[in-house]
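S.K.: Below are the chains, spelled out letter by letter.
There are 2 protein chains.
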Amino acid sequence: MGDFRVLEIKQSVFADNEKRASELRKELKEKKVFLLNLMSSPGSGKTTTLSRTIDQLKNELKIGVMEADIDSDVDAETISQLGVKAIQLHTGGMCHLDADMTRQGLEGLECGELDLVVLENVGNLVCPAEFDTGAVKNAMILSVPEGDDKPLKYPLMFSICDVVLINKIDVLPYFDFDMEQCRRNILKRNPNAIIIPICARTGEGTEAWADWLREEVKAWQKAERS
Amino acid sequence: MGDFRVLEIKQSVFADNEKRASELRKELKEKKVFLLNLMSSPGSGKTTTLSRTIDQLKNELKIGVMEADIDSDVDAETISQLGVKAIQLHTGGMCHLDADMTRQGLEGLECGELDLVVLENVGNLVCPAEFDTGAVKNAMILSVPEGDDKPLKYPLMFSICDVVLINKIDVLPYFDFDMEQCRRNILKRNPNAIIIPICARTGEGTEAWADWLREEVKAWQKAERS
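Quick note, the sequences are listed as chains P and V, same order.
Here our numbering runs 308 ahead of the position in the first sequence, where the first position is 1.
Here our numbering runs 308 ahead of the position in the second sequence, where the first position is 1.
Chain P on its own, in the form it takes in the complex (with noise of 0.2 Å):
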């Protein structure tokens, strides 16, 4: 058995989500803490993906991850036993998370000397896209299975990702999923995504994901507060 607490987050009562946010990630900075919120659809592979994040992160920077989930406690008993920080936290029914319940799983978490602490978001390619979590940067992933048309159909999810993961390559050969047309979907809900096609189960394509996270971090760590 991995080590992690389970922490049932209050629904939080508090309007004004966006200054809340903001505060939180001022404080983030001031404690050179880097907050990463994942997201993506049931069964994506979030859990599988974050697992080789760590292994490939996990000799340079101090991580943590936060397991959001309704119910059960799978994936921060899968983490834990990586050898890092891990929180299971309880939404009990909730959709999403917001910066108050966010700021909850990291006082759970005792984030203050981690380099990197990421976010499992629940499950849902809907409601975590309204609600700033007080993250540094968002990123989601969008699974092979789950077909190119995806950014059509929940454009807001993908016009907030700073980076979108399109992972499951392994089984493109099985799927009807034009990859070009997919990142041209993608593009048209936000220019500026960084995409990268993985197979989180290989490793394929994954230390672009490193990278890209291992410097998010460190100019994060570096830069001056503003």
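FYI, nobody ran anything at the bench for these hints, they're computed from the structure.
Be a bit skeptical, because a hint or two may be false.
[To be verified] Listed below are several chain V residues computed to face chain P (Cβ distance under 8 Å; list not exhaustive):
| # | residue |
| --- | --- |
| 1 | D379 |
| 2 | N432 |
| 3 | V434 |
The beta carbon of each residue, even a glycine, is placed where N, CA and C say it ideally should be.
On the provided structure of chain P, position chain V as indicated by the hints.
M.R.: Structure of chain V alone, referenced to chain P:
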């Protein structure tokens, strides 16, 4: 181009959704219209499954389809080409449909002469489970690439569905998906769930699903008003 309308759904302001759902169900009973609420994650194959179902039942039943999406018309376009009545519902960012929103769709569809109306709900395993749409039965699709652990992570969705279709069984050899474990996980959430493995793309297993749906529609139309 298929022939379909696009309806911009208004967010409902009613707190008494359960009562409104019951009323809608009662009206559908009087009109002998069977409403099926079809739910799943993004990309698990709702539209392909629905196309297959329409092919199998359209000579026996008058069918209408409501395609709910945050944005885009790609699904209504696909469905309307199958020669059934289709309407695209735009939810304007909303992550689910409730009974009043469903009623707006039914009115737009002019469902009075239909035997079966399928509501293809927003792709989301969380929020749609929390709102009774007024449907007679709920069905959901879990696709093999999403993983056999999803009933543990999205308990409410699995507990409210009468039928769980396990789609994309043609790619079972390429994924770490244990069908028996999946069945156990589903039945833990819902001991009465009917579980039907299918491949919507090839048609495998879809006859059992069409048989179940045909029987339910006939039973609904025959039964005395309660």
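S.K.: A separate judgement is required for each hint: does it hold in the structure or not?
M.R.: Evaluation of the provided hints:
The interface hint given for V/D379 is met, as the beta carbon of that residue sits about 5 Å from the closest beta carbon of chain P, less than 8 Å. The closest approach between the C-beta of V/N432 and any C-beta of chain P is roughly 5 Å, which is under the 8 Å cut-off, so the hint is satisfied. The interface hint given for V/V434 holds, since its Cβ lies 4 Å from the closest Cβ of chain P, which is under the 8 Å cut-off.
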